[in-house]
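Heads up: the protein sequence lines correspond to chains A and B, in order. Note that the working numbering has the first sequence beginning at 1, numbered continuously upward. Note that the working numbering has the second sequence beginning at 1001, numbered continuously upward.
Check the hints yourself; a few may be wrong.
Claimed, not checked - Once the Cα atoms are required to be at most 27 Å apart in a straight line, the calculated DSSO-like pairs of lysine-lysine come out as:
#: 1; chain 1: A; residue 1: K163; chain 2: A; residue 2: K229
#: 2; chain 1: B; residue 1: K1156; chain 2: A; residue 2: K187
#: 3; chain 1: B; residue 1: K1112; chain 2: A; residue 2: K169
#: 4; chain 1: A; residue 1: K160; chain 2: B; residue 2: K1112
#: 5; chain 1: B; residue 1: K1011; chain 2: A; residue 2: K137
If you're looking for bench data, these hints aren't it; they were derived computationally from the structure.
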Amino acid sequence: MTTEPVRTTPALAAVPAYTASELLGVMSARLLKDGQTVFAGVGIPLLAAILAQKTHAPGLTILFEGGVIGPFVEAGKLPPSTNEQRCTRRANMLVSITEVLLMLQRGYVDVGFMGGAQIDRYGNLNSSFIGDADNPKIRLPGTGGGNDIASLADMIVAMKHEKRRFVEKVDFITSPGFIEGGDSRAKAGLPAGGMFRVVTDLGIMGFDAQTRAMTVVALHPGVTPQAIKDNTGFDLPVPSDVPVTEVPSDVELAILRELDPARLYTA
Amino acid sequence: MTQSYLELRQKTRERDRSLRDKVMSLEEAAKLVDNGASVALGGCTASRTPMAMLWALVRAQKQGLVVSRSIMSTEGDILYASGLSQHVITSWFSQGIVWGVSKVMRAYTESKRATFEEWSHMAMGLRYRAGAMGVPFMPMRSMMGSGVVDRAPGAKTMECPFTGEQLLLVPALNPDVALIHVQRCDAYGNAQLDGLTFMDIDIAMAANKVILTTERIVSNEQMRRHPDQTKIGFFTVDAVVEVPFGSAPHECYGLYEPFYSHMDLYAQMTAKDPDKGAADYLARFYHEPKDWADYLSRIGMAELLDAQRRGSGIYDD
C-alpha cells in the first residue's frame, strides 16, 4: 500500500516524540471505556479502539461497518477499509452491512467513532463537498456509514485541528451533530445520540448541554488557550481552569507503532 | 422510480426459475445486460467486486447503465471512464481511504460529466432490503437533518402512525440486473458465500435478473450436503460464469486479498491526469487483453501469488 514518509515531531526537551496522529490515537483511546461497544471507522478510530483493547479496555467490543462484531485485528495487518477480511480476524460474528447498521438503530452501540474532514461549532461533519454542493470545488467521497453512525450513536470524532477544518458552518452536513444547536437535532427527527467529544492534536472538545456549541474540555501538553483559538474558525470557549491531558506514555506509543509499523495511519 | 408491485411480480413470473444449468461465458452473460439498465453490484469497497463481469461489459461497449453499490472503489472510476455509466448510486466513492480521494471520480463529477448520487450506507441497505421484501419503502431513523437527505431523490419523511415520531422513508431499489461475485456456486446458481456477505443476499432477492461470477463451480451434490450454507438461491439466478480471480485486483474473502501493488499502480496512473490515466489503464487492462487470463497476466503472476498467499492466510489462525 502507499505509504507516506514517516514524519517525526522534532524532539523537545523532556517531551517524547510522537506524531500528531499518534497523539490523536492515544487521546481518543483513553475516552473509550471497558465493556463498551464502539462502532469504529478505519484509520485513527480503528487504531485507537485496538489500543484501548490492549490497555485499559480489554472488554471493548469493536463493530465495523463491513458487518463485523468483536474482532481482534492483528498488529501489522491493518485493513484498508472496514470491508476487507483483515477486519474480521477472530471476530465473534459476521453479519451483513445492513444488519450491523441496524444495530446502531436498535441501540446496541455505545459510541460511534470516526474521523472528520470538516466540522463546525455544533459538531456537524462534512465529508461530501468542499464549496457549494451544486458546484463543488472538491467532491469528497461522501458519507458511507458516517451519517448513520452520527445520527444514531454518541460520537467521538478524531481529526487534525486546523482552521480550515474547524469552520463556523460546514459547507454541507454529511453527518449531523447538533445541527443548529439547542434542540434542533431532536426536532429534525434525531432524538438519540449526538456529539460527545472531538479529539484533536491540540485538545479535547465537548458540547454545551444547552446551546450545544463546541467548547474546550482539555488541552494537550504545551498547547495554550490562544493556540487552540487561533486554529479554530469560530469562537471556541476555553474555560479558565481547563485541565491538561497527560502526555502519551511509552507503552501507548509502543503499542500504536506495533499495530501500524508501515505508518499507514499514524505518519 | 419504485417499480409497481404487480409489474415486479410479473417480471419474476416471466423468468425461468427452474433448476437448470445456467453456465455461460463472460461474453454471453454480458449480452444479458441491456444498455440503460439499472445494475446493482455485490461486494463492498475492495471486496468481492464483480470485476470480471464489469470488464466484460466494458469490452461489450455497454452504455448508460445506472449502477448502485454499497460503497464504490476503483470500479466506480472504471464505470465513468469507460462510458459504461454516467450515474452511480452509492454511499461512499473513492479508491479506499489509504489512497485518498479518487481523482477520476472528482474529474467526472466536478465537471458534471457524471452523477454521484449519495445515500447513507444504511439507506442503500434498506433500499435493497425493501426491494428484496417486495414493499415500496423502508422506514429508518438516520439521514434526517443532514444535507444528504435533501439531495437523495425519492426520500420522504413521514409521521409515524403509531408513535407520532418523524421517520425517513427510503424507496425500494429493484435493479434490472445484479452482478455478484462469489467463492463458489453450482451450475444452477446456488451460491455459498464465505466471510462478509455485505448486501449481496438482499441484492439477489431484489433484482429482476442475477448474474453470478464464481471462483469455481462445484457440484449440486455439494450444495445438497450443506444447504444451510447456500446464501443465494438458484431461483434468483439467471447466469453462472466461472472466473478465477474474478474480483482482481480487489479481494475475495479467504482466497485473495487486494492486489496492493496494482492498486498503487492504478492510483499513480490516475493521480496527475485522471482522464488520460484512466484511458491508459483501460487500454492496457481492459481493451488490449485477449481474455481474462491475459488480464491477470498483465497484472502479474507475482502480484497474484502474493494476493493469494495473504488471502488464504485468514485460515492460518
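Next item on the list: Sort out which numbered hints this structure fails and list those numbers smallest first.
Entry: 4, 5
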